[in-house]
Amino acid sequence: MLAIEWLDEGDFLYSQGKYAEANQAYDEAIRLDPGYVNAWNNKGAALAGLGRHIEAIQACDEAIRLDPEFARPWNNKGFALRNLGKHIEAILAYNEAIRLDPEYTRAWYNKGNAFEALGRTSDANTAYARAKELELSR
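Numbering (numbering that gives the first Met the number 0), first residue to last: 0 to 137.
Wrong hints could be hidden among the right ones.
[What the hints assert, rightly or not] Distance windows between CB atoms, simulated:
| hint | residue 1 | residue 2 | range |
| --- | --- | --- | --- |
| 1 | E132 | L83 | 38 to 44 Å |
| 2 | R64 | I87 | 18 to 24 Å |
| 3 | G50 | N124 | 40 to 46 Å |
| 4 | L31 | L83 | 47 to 53 Å |
| 5 | E68 | P33 | 17 to 23 Å |
| 6 | Q57 | A128 | 32 to 38 Å |
| 7 | A128 | L31 | 30 to 36 Å |
| 8 | D32 | S121 | 40 to 46 Å |
| 9 | Q57 | F11 | 20 to 26 Å |
| 10 | Q23 | N124 | 17 to 23 Å |
| 11 | T120 | L31 | 26 to 32 Å |
| 12 | L49 | R137 | 27 to 33 Å |
I should point out that these hints are in silico values taken from the structure, not numbers from a laboratory.
Heads up, the beta-carbon is just placed ideally off N, CA and C, and yes, glycines get one too.
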């Protein structure tokens with residue numbers, strides 16, 4: 000199979016909640032194309048789904064290294080950081096995702112979650128309101 004086919008397989012498995020199998024498919028895509036930024040990003044998401052947050056951050060960092068202007072790995076890195084209790088670092092990652100893609104609804108929502116975890120309700124509500132505004136404008 001081609002790297003893109005492994006990516007598609009991984010995405011399908013991920014959508015089914017089969018994160019371990021998705022991770023294996025992303026590994027195959029990366030084996031065939033080590034510079035495949037989407038595979039690295041999606042590997043990060045699969046690893047986070049498995050609760051392997053440190054490895055998820057490493058995969059996201061590789062995606063960011065390969066394409067610093069790609070917003071999604073910043074969001075996924077933020078998700079993993081938040082799950083490690085590193086809420087301020089998560090907010091910084093979400094901010095970078097939003098800087099790169101100001102209409103990235105999921106990053107705004109996740110930023111709200113991180114603010115909420117810090118007890119910063121006003122900031123959380125601002126982020127949630129922006130996420131809702133973006134969602135309704137679609």
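Status of each hint after checking the structure:
Between E132 and L83 the beta carbons are some 29 Å apart, a value that contradicts the proposed interval 38 to 44 Å. The beta-carbon spacing between R64 and I87, approximately 22 Å, falls within the hinted interval of 18 to 24 Å. Remark: the range hint 40 to 46 Å for G50 to N124 is contradicted by a beta-carbon distance near 29 Å. For L31 and L83, the Cβ-Cβ distance of about 31 Å falls outside the hinted range of 47 to 53 Å, so the restraint is violated.
About 19 Å separates the C-beta atoms of E68 and P33, a value consistent with the hinted range of 17 to 23 Å. With their beta carbons about 33 Å apart, Q57 and A128 fall inside the hinted range of 32 to 38 Å. In this structure, A128 and L31 break the distance hint of 30 to 36 Å, their C-beta atoms being roughly 43 Å apart. Against the hinted window of 40 to 46 Å, the Cβ-Cβ separation of D32 and S121 comes to about 44 Å, which satisfies the hint.
Against the hinted window of 20 to 26 Å, the Cβ-Cβ separation of Q57 and F11 comes to about 24 Å, which satisfies the hint. The supplied range of 17 to 23 Å is broken by Q23 and N124, whose beta-carbon atoms lie about 40 Å from each other. The given range of 26 to 32 Å is broken by T120 and L31, whose C-beta atoms sit roughly 47 Å from each other. Taking the beta carbon of each, L49 and R137 are about 30 Å apart, inside 27 to 33 Å as hinted.
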